[in-house]
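Trainee: Sequence:
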Amino acid sequence: SRGLGDVYKRQAQQSLAHCIEDNNYSVSEKLTIAINATQLINKLHAQQLIINSINGEQLFIDKAFKVEILDISLASKVSTIHKKIPHGNIENHWLNTMSPEISGRMNRPVEKQADLYSLGATLFKLFVGRYPFEYSDQMEMMHAHIAKTPQLAHHYDAQLPEQLSYILAKLLAVSYTHLRAHETSLH
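The numbering of the sequence shown is the working numbering, which starts it at 781 and goes up by one.
Accuracy of the hints is not assured; some may be wrong.
[Unchecked claim] Lysine-lysine pairs mimicking BS3-like chemistry, simulated, CA-CA at most 25 angstroms apart: (1) 892 with 823; (2) 846 with 950; (3) 843 with 810; (4) 843 with 823; (5) 928 with 846; (6) 892 with 846; (7) 810 with 950; (8) 823 with 928; (9) 846 with 823; (10) 950 with 928; (11) 810 with 823; (12) 892 with 843; (13) 950 with 892; (14) 928 with 892.
Calculated from the structure, these hints are not laboratory results.
All chains, please: the whole structure from these sequences, using the hints.
Mentor: What follows is the structure in structure tokens.
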């Protein structure tokens, strides 16, 4: 069994945020990155960890598209019921992928599904080149994550397969009932 140190070693070459900026990847390569990121999150969830901070600055990619996570300092055990309430200004790369529960403005504990939401927002940026919600005002951004449904990804890029748009939409579902029904299919 691999220990936590094995999962988090930083051997990857560049951040996912940098890869997104380059935008030199085919849909097939992006799918490989997405699958590898999902597998990494599954490994961490299998160890009963909730990451709480999935975004393009945290995920690193090597030349073979293997995905690693840089920092798990905000991670917590699944059995810990808590809410993350941000204080002061939040870095935009984190706010753009923050799940509604982490805002502290919902009456829900942060669970594994919060990581899936953040992963969905990060992968939306990978495939579309923008986040599901983009606002300069932090309160407006938090409100969007809590109360709005993002456009489907293929609305922004008609060449994306519609099925991929629906997978991203499932990851970005705020309703836990809807997300839990599809959680197993995402693994």
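Trainee: Could you run down the list of hints and mark each one as holding or not?
Mentor: Hints, one by one, checked against the model:
1. 892 with 823: The given pair, whose Cα atoms are some 12 angstroms apart, holds under the 25 angstroms limit.
2. 846 with 950: holds, 24 angstroms
3. 843 with 810: This hinted pair holds, its Cα atoms lying about 12 angstroms apart.
4. 843 with 823: Cα-Cα ~21 angstroms, so holds.
5. 928 with 846: violated, 32 angstroms
6. 892 with 846: Status holds; Cα separation ~22 angstroms.
7. 810 with 950: OK: residue 810 and residue 950 at ~18 angstroms, within 25 angstroms.
8. 823 with 928: violated, 30 angstroms
9. 846 with 823: holds, 14 angstroms
10. 950 with 928: holds, 14 angstroms
11. 810 with 823: holds, 20 angstroms
12. 892 with 843: violated, 28 angstroms
13. 950 with 892: Holds. Residue 950 to residue 892 sits at ~14 angstroms (cutoff 25 angstroms).
14. 928 with 892: Roughly 21 angstroms between the alpha carbons, so the hint for residue 928 and residue 892 holds.
Checked against the numbered hints above, the structure violates hints 5, 8, 12; every other hint is satisfied.
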